[in-house]
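*Asks:* Here the protein sequences come in this chain order: B and A.
Going by the numbering used here, the first residue of the first sequence is number 12, and it counts up by one from there.
Going by the numbering used here, the first residue of the second sequence is number 3, and it counts up by one from there.
Mixed in with the good hints there might be a few duds.
Unchecked claim - Quick list of in silico lysine to any residue cross-link-like pairs, SDA-like style, CA-CA up to 25 Å: (1) B:Lys-35 to A:Ala-23; (2) A:Lys-172 to A:Leu-186; (3) B:Lys-35 to A:Arg-76; (4) A:Lys-172 to B:Arg-173; (5) B:Lys-35 to A:Ala-18; (6) B:Lys-35 to A:Leu-70; (7) A:Lys-172 to B:Gly-110; (8) A:Lys-172 to B:Arg-106; (9) B:Lys-35 to B:Thr-102; (10) B:Lys-35 to A:Leu-186; (11) A:Lys-172 to A:Val-139; (12) B:Lys-35 to A:Ile-166; (13) B:Lys-35 to B:Ala-160; (14) B:Lys-35 to B:Leu-165; (15) B:Lys-35 to B:Gly-46; (16) B:Lys-35 to B:Ile-52; (17) B:Lys-35 to A:Cys-19; (18) B:Lys-35 to B:Ser-230; (19) B:Lys-35 to A:Gly-16; (20) A:Lys-172 to A:Asp-137; (21) B:Lys-35 to A:His-73; (22) B:Lys-35 to A:Gln-71; (23) A:Lys-172 to A:Ala-158; (24) A:Lys-172 to B:Arg-107; (25) A:Lys-172 to A:Asp-142; (26) B:Lys-35 to A:Glu-67; (27) B:Lys-35 to A:Ala-35; (28) A:Lys-172 to A:Leu-98; (29) A:Lys-172 to A:Arg-133; (30) B:Lys-35 to A:Ala-17.
As the list claims (entries may be wrong) - Only part of the chain B face toward chain A is listed, based on derived beta-carbon distances under 10 Å: (31) Pro-36; (32) Pro-39; (33) Thr-103; (34) Val-109.
Unchecked claim - Over 12 Å on every C-beta distance to chain B, these chain A residues come out as not near it, computed from the model: (35) Ala-44; (36) Arg-74; (37) Val-85; (38) Asp-128; (39) Asp-137; (40) Ile-166.
In case anyone wonders, no lab produced these hints; they're calculated from the structure.
Beta carbons are placed, not taken as given, at the ideal position from N, Cα and C, and that holds for glycine.
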Amino acid sequence: MADERIEIPVELRAFVARDLRPVKPLAPPLRRALGLVPVAIGLLFAAVVIFGMRRDATRIGLALTWGASTLQIVLGLALVVAALREAVPGTTLPRRVVGAALGTVIVAVLTITILTWTTSPTEIAPGFVAWVWGVCLTGTIVSALPALALAGWLAARAFPLRPRLTGALYGVGAGLMADAGWRLFCHFSHPAHVFGAHTLGIAATGALGVVLANWLVRSGE
Amino acid sequence: MHDLDGPGGPVDDGAACQLAALMTGYQAGSLPAFESLYAALASPLLAYLAALCRDRGQAQDLLQETFLQIHRSRRAYRPELPVRPWVFTIARHVWLMDRRYRNRRPRSEGELPDVPVPAEVESLADRDRLRRALDDVLPDRREALLLHHVWGFSFAEIAQMLGIRADAAKLRSSRGMADLRRLLVEGNRG
Chain B
12 MADERIEIPV ELRAFVARDL RPVKPLAPPL RRALGLVPVA IGLLFAAVVI FGMRRDATRI
72 GLALTWGAST LQIVLGLALV VAALREAVPG TTLPRRVVGA ALGTVIVAVL TITILTWTTS
132 PTEIAPGFVA WVWGVCLTGT IVSALPALAL AGWLAARAFP LRPRLTGALY GVGAGLMADA
192 GWRLFCHFSH PAHVFGAHTL GIAATGALGV VLANWLVRSG E
Chain A
3 MHDLDGPGGP VDDGAACQLA ALMTGYQAGS LPAFESLYAA LASPLLAYLA ALCRDRGQAQ
63 DLLQETFLQI HRSRRAYRPE LPVRPWVFTI ARHVWLMDRR YRNRRPRSEG ELPDVPVPAE
123 VESLADRDRL RRALDDVLPD RREALLLHHV WGFSFAEIAQ MLGIRADAAK LRSSRGMADL
183 RRLLVEGNRG
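Chain A on its own, in the form it takes in the complex:
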């Protein structure tokens, strides 16, 4: 898997505690804590935003807006909650707000962003074809698929981020994976 071992992949309990400690430090007014949080979260957030908006440049703008919103709402973070679902939910909100006010530009085939790809399908095609197939998966399913398989969120966490039930999150992810496999197999036959 491309991103699993990096900061964007699933985090173990130690890393989650470290993020929570950084967030607490940030709430207490520590600039180094904010810088460390940025270093840990900017890359996976950028990948997530790129996967949502399908435009790398726009995703970079949204990333800065996301950190501004995180800064504004840092009081709302409670230390007993995991940090990543909190920041990913804010990023998703920033994207939704941006989408509401923006006239979506038609995107060309060549502008697909470098979004991460689940390891389970990496062997089925080259990276460019994988990304194009991923682009054809329904957005709801693609989002759940990436959140689970690439960024390692549990279905319970995804459910809380998207406002759906955990079994619905699991269903979206598994259907997304099935769609992706089907698209790749059909592409191989063609």
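In isolation and in its complexed conformation, chain B is listed as follows:
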């Protein structure tokens, strides 16, 4: 079978000949993800610059404020790199790697939340719970949108064969980066608030990534 020579169908050859403009090969995922670094830095500082630093910043210390947020930024960028790699055919990520990456994110978020709560337990005053919840959930999602859009565009320039997985990876990555800045402004460390608003915001951004990646693939067909 392999010895037989298959002629190019006339229609296919004509189509390719008509459409054969030079294209520039994509750079490696790590280099492409560097485009997100300015956005990530902006997200880290935006909430603090606009709304101010959380009230208990001195008590929880540098490691649990800027240190933990920088860790979230790095993890978020790593997820975007993984998504950009996943978007190139032939370099598909094994399930174990995807599981390990998402597992690392969960462990990191849990650890930061618990350490912050044990160092500085702060709760929302009764009557303001829903309002604060709405602000933090919406703030996390809205501030993630620039990173989400840029990561989605970068991934769509490749050829994601598993768009839902690609979108989930860069969506969670964008959510982590957004929450890295938002948590520096939010004054409340109660786990119910952090998981119910901030972590939910990260998960919601992941879901938006899935929707975006699917839409980008379909609109490109």
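Got chain B sorted already, so can you dock chain A onto it with the hints?
*Replies:* Below, chain A alone, put in the same frame as chain B:
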């Protein structure tokens, strides 16, 4: 082995470099480079698609769709990557998409496509029986078995194409080969 020495078999470093050079030329806008790529890859891709969908006519349609997708996504190929895992992954995706939208037709015994057969079992039965036995191997195992033994991909390459670990690819392939041997031996006894 039927296909090992042809363009569908394992490629040495020189051939891999040649494919990468053709792909780079194709990205730069060279029609002859596309034609050479087609000549080098159409036959193994057709055999792979026939092995996946078990229908030669459908495989030919999928082959053209695969080259259209390769054309659309040629920017995504990076010169430092091997070409064959890249195009085989796209072919597999085209088959999966087609399968999703198509109601699978029941196939008759006589319509089995002329899929390649691993050399290791060629002596155990005639080609027609080999193909029927191969058809009874679980699809996941059959795919890994063919990718490794017929098209010569390494387990690391298969892992990247299928989104699994290299040792899982090796396990699928070796279990597929064991199943195939068992089916052929049982057939010889019967």
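*Asks:* Are all beta-carbon distances from Asp-137 of chain A to chain B longer than 12 Å?
*Replies:* Non-interface label on Asp-137 of chain A holds, nearest chain B Cβ at 16 Å vs cutoff 12 Å.
*Asks:* The hint names Thr-103 of chain B as touching chain A; please verify it with the least Cβ-Cβ distance against 10 Å.
*Replies:* Holds. Min distance 4 Å.
*Asks:* Was Arg-74 of chain A rightly flagged as not at the interface, with every chain B Cβ beyond 12 Å?
*Replies:* Arg-74 of chain A is in fact no farther than 12 Å from some Cβ atom of chain B, at 8 Å.
*Asks:* Decide, holds or violated, for the assertion that all CB atoms of chain B are farther than 12 Å from the CB of Ala-44 of chain A.
*Replies:* 4 Å, violated
*Asks:* Please verify whether Lys-35 of chain B and Gly-16 of chain A have alpha carbons no more than 25 Å apart.
*Replies:* 24 Å, holds
*Asks:* Against the 25 Å threshold, does the CA-CA distance of Lys-35 of chain B and Ile-52 of chain B hold or violate the hint?
*Replies:* Given pair Lys-35 of chain B, Ile-52 of chain B is violated - Cα atoms ~28 Å apart, limit 25 Å.
*Asks:* Within a Cα-Cα threshold of 25 Å, do Lys-35 of chain B and Gly-46 of chain B meet the stated pairing?
*Replies:* 17 Å, holds
*Asks:* Are the Cα atoms of Lys-172 of chain A and Leu-186 of chain A separated by 25 Å or less?
*Replies:* 21 Å, holds
*Asks:* Given the hint that Lys-35 of chain B pairs with Leu-165 of chain B, test it: the Cα-Cα distance must not exceed 25 Å.
*Replies:* 14 Å, holds
*Asks:* Holds or violated: Lys-35 of chain B and Leu-70 of chain A, Cα atoms, limit 25 Å.
*Replies:* 18 Å, holds
*Asks:* Take a quick look at whether Lys-172 of chain A and Arg-106 of chain B sit within 25 Å of each other, Cα to Cα.
*Replies:* 16 Å, holds
*Asks:* With a cut-off of 25 Å on the C-alpha distance, tell me whether Lys-35 of chain B and Glu-67 of chain A pass.
*Replies:* 23 Å, holds
Consistency with the previously given hints fails for numbers 10, 12, 16, 35, 36, 37 and 40, ordered from lowest to highest.
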